[in-house]
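Participant: So you can see what is in the structure, the chains are spelled out below.
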Amino acid sequence: LAKTTQPISMDSYEGQEVNITCSHNNIATNDYITWYQQFPSQGPRFIIQGYKTKVTNEVASLFIPADRKSSTLSLPRVSLSDTAVYYCLVGRNDYKLSFGAGTTVTVRA
Amino acid sequence: GAGVSQSPSNKVTEKGKDVELRCDPISGHTALYWYRQRLGQGLEFLIYFQGNSAPDKSGLPSDRFSAERTGESVSTLTIQRTQQEDSAVYLCASSPATSEQFFGPGTRLTVL
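Read top to bottom, the protein sequences are chains A and B.
Number 124 marks the last residue of the first sequence (my numbering); no jumps.
Number 152 marks the last residue of the second sequence (my numbering); no jumps.
You may find that some hints are simply not true.
As the list claims (entries may be wrong) - Some but not every residue of chain A turned toward chain B, in silico, with C-beta under 8 Å:
no., residue
1, F54
2, G58
3, F61
4, K84
5, Y102
6, G115
7, G117
Unchecked claim - Subject to a maximum C-alpha distance of 35 Å in a straight line, what follows is the list of computed DSBU-like cross-link-like pairs (lysine-lysine):
no., chain 1, residue 1, chain 2, residue 2
8, B, K97, A, K84
9, B, K97, A, K111
10, B, K57, B, K97
Rather than coming from a laboratory, the hints here were simulated on the basis of the structure.
The C-beta atom is built at its ideal place from N, Cα and C for all residues, glycine as well.
Modelling step: build the complete structure from the supplied sequences, incorporating the hints.
Facilitator: This is the structure:
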C-alpha cells in the first residue's frame, strides 16, 4: 500500500475554501486516490475518488497532477459542519485501506 | 435503504472476558472489513472478507482476535480474554465488489 503524508491539522473560517494536500510518492499504476471524512463518534464517509486530473462532485473537488505523486482535496466555502477529520488513501478499490492519522479540519465562525 | 449496522453500540467488559461484536452489512455487498480505531488515531485494518474467498486476516493483532462471516451477510468479531489495550472503537464497513466502503457507526469497547 502506498504511504500517504498529509498535514495533521488545519484551521479555517466559515465561507473560506480549504485545500488539503496529500503526498503519495510511491503510488502504483493501479492505485486510486480516495478521500474520506469522519465526524466524531461516526464511521468514515466517502467523499471523492480520482485517478488523474480533476474530479468534482457536490461536496468537493480533487486535483491530481500528471505525476500523481500528490493530490489536493478542495472544500469550497466551508461551514461549521465541515469540521471533521479528512483521510487521504491510496490503493486499489477492492482491497484493504490504509488510514493514517488524517487531517483534522476545524472551521470557526 | 439501510446502511451498515453494528451492535452493540457500546460494550463495557472486564479484563479477561470474551466479547462478540456484530456487523450487518448492506445487502448485496460482497466485501466486508473490520477496523479498529483507538482514541485520536486513524483506522487500523483487522480483517477483510470477499465473497467466498479465504479472508485476509493479516491485520489481526493476536490469536485472541477472530472473525467469521456467514456467506455475504452478518459478520462477528470475537475478542477472547480481553485486555485493556483492546479498548477502542471497532468499525465495520461493507462494499460492492470494487467500490467505496460504507462504514457502520462502530462499537465502542471499554475493557476495565
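Participant: Each hint: holds or not?
Facilitator: These are the hints, each one checked on the structure:
1. With a cut of 8 Å, the hint placing A:F54 at the interface with chain B is violated, because the nearest CB-to-CB distance is about 11 Å.
2. A distance limit of 8 Å between C-beta atoms decides the matter here; for A:G58 the minimum to chain B is near 3 Å, and the interface restraint holds.
3. For A:F61, the interface hint holds, the least distance from its beta-carbon to any beta-carbon of chain B being 4 Å, beneath 8 Å.
4. A hinted interface residue such as A:K84 counts as satisfied when its beta carbon comes closer than 8 Å to some beta carbon of chain B; here the least separation is about 21 Å, so the hint is violated.
5. At about 7 Å, the closest approach between the beta carbon of A:Y102 and any beta carbon in chain B falls short of 8 Å, and the interface hint on this residue holds.
6. Of the supplied interface hints, the one on A:G115 holds, with its beta-carbon coming within about 5 Å of a beta-carbon of chain B, less than 8 Å.
7. With a cut of 8 Å, the hint placing A:G117 at the interface with chain B holds, because the nearest CB-to-CB distance is about 6 Å.
8. For the proposed pair B:K97 and A:K84, the alpha carbon gap of about 30 Å is at most 35 Å, so the pair holds.
9. Distance hint between B:K97 and A:K111 is fulfilled; the C-alpha atoms sit about 11 Å from each other, no more than 35 Å.
10. Distance hint between B:K57 and B:K97 is fulfilled; the C-alpha atoms sit about 22 Å from each other, no more than 35 Å.
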